[in-house]
Amino acid sequence: DSGVTQTPKHLITATGQRVTLRCSPRSGDLSVYWYQQSLDQGLQFLIQYYNGEERAKGNILERFSAQQFPDLHSELNLSSLELGDSALYFCASSVGADRNSPLHFGNGTRLTVT
Amino acid sequence: LAKTTQPISMDSYEGQEVNITCSHNNIATNDYITWYQQFPSQGPRFIIQGYKTKVTNEVASLFIPADRKSSTLSLPRVSLSDTAVYYCLVGLINNDMRFGAGTRLTVKP
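Residue numbers (this note's numbering), protein chains in the order written: chain A, 64 to 177; chain B, 1022 to 1130.
If you are wondering where the hints come from, they were derived from the structure by calculation, not from laboratory data.
Take the hints with a grain of salt, since some may be wrong.
Below 20 Å or equal to it, Euclidean Cα-Cα: the simulated EDC-like pairs (lysine to aspartate or glutamate) are [stated by the list, open to error]:
| # | chain 1 | residue 1 | chain 2 | residue 2 |
| --- | --- | --- | --- | --- |
| 1 | A | K120 | B | D1052 |
| 2 | B | K1024 | B | D1103 |
| 3 | B | K1073 | A | D103 |
| 4 | A | K120 | B | D1088 |
| 5 | B | K1073 | B | D1088 |
| 6 | B | K1129 | B | D1117 |
| 7 | B | K1024 | A | D103 |
For clarity, every value in this text was computed on a predicted model and none was experimentally measured.
Just chain A, same shape as in the assembly (with noise of 0.2 Å):
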C-alpha cells in the first residue's frame, strides 16, 4: 500500500460531461502529480503541485485542470469530455518539490467516457 488513495475508482459518463477525480497523498508528502495513462501514449505527466502551488506542467489539455487544497488532498477536473479522454488517471506524491523525488502513485481512477 503507497498511502496515496484515489477515488473514485471507476467512472463511466458521455462525451461533454464534467467530471472530478480525487487524490490524497501519502501522509508528509507535499507534492503531488497527475498522469494520465492510455494504451497508445503511456503514462503522460499532466501537472505537479506542491504545497498547494502549480509547480510544473506537462501535457494537460485546456479542458482539464486541476488544484491542491490547504490539506494537500488534490482533485483533477476534466471537463468537455471526449471519448479519447478514457484512460487511467494517476495521482502520485512525493515528500519534496524536487522532481527526482521518487513517487508514490494511488492505484487510478479508470475514466471511460461513452
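Given the structure of chain A, go ahead and fit chain B onto it with the hints provided.
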C-alpha cells in the same frame, strides 16, 4: 526529439537474471534515473534510483555508464511474481520528465 526508449517486451525463466536497458540520450545534467514496476490494475511502484555508476538495493541493481545516456535495471533470480511492466523515468534537457513506454517482462516457470 527528447525521449526515453525501452524494449517493448522481454521473456525470462524463473531463477534467471534479467537486464532491462533504457536509452535517454538527452538526460538533464542534474537529474536522476528512476525505475518503477507496475502490475495490472495498480499504480507504478518505485524500485530503484541512481545518478551514476552502480546502485544496489534489496530488489534490484541499477547500472549507469559514465555518459549517463542509458541505464540498465538488473533483476537477480527473477520469480513468477516479477512478471510486470517496468518503466524508467528520466528528466530531459528540455525540462520534461519522461517515462519510457515500459518493458513488459514475462517470467515463465
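Hint-by-hint comparison with the structure:
At most 20 Å may separate the alpha-carbon atoms for a hinted pair to count; K120(A) and D1052(B) meet this at roughly 17 Å. A hinted pair counts as satisfied when its Cα atoms are at most 20 Å apart, and K1024(B) with D1103(B) does not qualify at roughly 26 Å. This hinted pair does not check out: K1073(B) and D103(A) have alpha carbons roughly 31 Å apart, beyond 20 Å. As the CA atoms of K120(A) and D1088(B) are separated by approximately 28 Å, the hinted pair breaks the 20 Å bound.
At most 20 Å may separate the alpha-carbon atoms for a hinted pair to count; K1073(B) and D1088(B) meet this at roughly 9 Å. Pair hint K1129(B) plus D1117(B) does not hold up; C-alpha atoms about 36 Å apart against a cutoff of 20 Å. Annotation: proposed proximity of K1024(B) to D103(A) holds, straight-line Cα distance about 15 Å (limit 20 Å).
Against the hints set out earlier in the document, violations occur for numbers 2, 3, 4, 6.
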